[in-house]
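Protein chains: 2
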Amino acid sequence: MVTVFRIGHRKNRDKRITSHLALVARALGAKGITIAGETDENIIRSVSKVVSEWGGSFSIVFIPYDEWIDFVEEWKQKHGLIIHLTMYGENITKFQLDQRFNSIQNSDERLDHLMIIVGGKKVPAKVFHYADWNIAITNQPHSEVGSLAIFLEKLIPNSLELNFLNSKKKIKPSIEGKKNYT
Amino acid sequence: MVTVFRIGHRKNRDKRITSHLALVARALGAKGITIAGETDENIIRSVSKVVSEWGGSFSIVFIPYDEWIDFVEEWKQKHGLIIHLTMYGENITKFQLDQRFNSIQNSDERLDHLMIIVGGKKVPAKVFHYADWNIAITNQPHSEVGSLAIFLEKLIPNSLELNFLNSKKKIKPSIEGKKNYT
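Just so you know, the protein sequences line up as chains A and B, in that order. For the first sequence, the working numbering puts the final residue at 329, and the numbers step up evenly by one. For the second sequence, the working numbering puts the final residue at 329, and the numbers step up evenly by one.
If several chains are the same, the list does not tell them apart, and a pair holds so long as it fits within one copy or across any two.
With a straight-line Cα cutoff of 25 Å, these simulated BS3-like cross-link-like pairs (lysine-lysine) come out:
hint	residue 1	residue 2
1	Lys223	Lys325
2	Lys158	Lys269
3	Lys196	Lys162
4	Lys241	Lys325
5	Lys273	Lys225
6	Lys316	Lys196
7	Lys241	Lys301
8	Lys269	Lys162
9	Lys325	Lys301
Bear in mind the hints are in silico, worked out from the structure with no lab data behind them.
Just chain A, with the same shape it has in the complex:
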């Protein structure tokens, strides 16, 4: 399954956004997230807690910010594909009609080789160049969390209804919501 790579993380400013990115990645079927930036043990702990309670085997790894470029180059050397989510990219509605999109979607092997890059406000300019495809989830400014969610939902089969192995918690979905409210 796909890997998410978040470039940029400042412990104070980004803690909640990076947590949300990790949880969105997990919930919608990515196998893990790597984050280039300041290591944040609290995020590792809170995401690991979700994994242990809700199941699956999602990985979360921090690397020093400056190593982002080595990480990306190594990925390329192993013939990995890179999609960069950016408001400057080709609109997803167009890309979705493309056979390149379908060819990934229908191949477990290609999904395994796919890395999705999401940046923060200031993405290094080279990222646009390393990416095989720069894709926009709307060409408006909004949120890397929102973009990742929409993209994974479209890319990964059954992303909205995944079953996670070894879950201790499981919700019984109901139109009335949480049953035990008072």
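Got chain A; can you put chain B on it based on the hints?
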């Protein structure tokens, strides 16, 4: 068009998540967001700046936290519909097949009467009760930003390619991304 209601905002902890919610709401076609919690002038300023640069007429309003219930009751009295996004709700994949979903989607009038509630970690239990429908964007824990993005993308026609009136900035989408990188 639909209105988003965010219940809960603590100035320090939630500033970026609430900003992202507002920008996702705007980018994907909501007409505005109301936030019950601590008024945050920085968020109002930054969202207003996006609106003035990128166009449209998105509104952002804070109300005191305790007034959330009056706000919701007033909405109900005006025959408004309420959808609450929550991991405990009916899965969106099921709700999407429902004619209630289609009946909203295909009616500007019904979209105008629709309020989408997104909470933070601790949503008051009564919200589940006020909601006409509690809908889950996956039944896994992740992000209100991700949930709102996926839901609006599904609900609002052409949400990924909206045109905003009076925009000073506009992106020329490109698979190569930002053209003027160095």
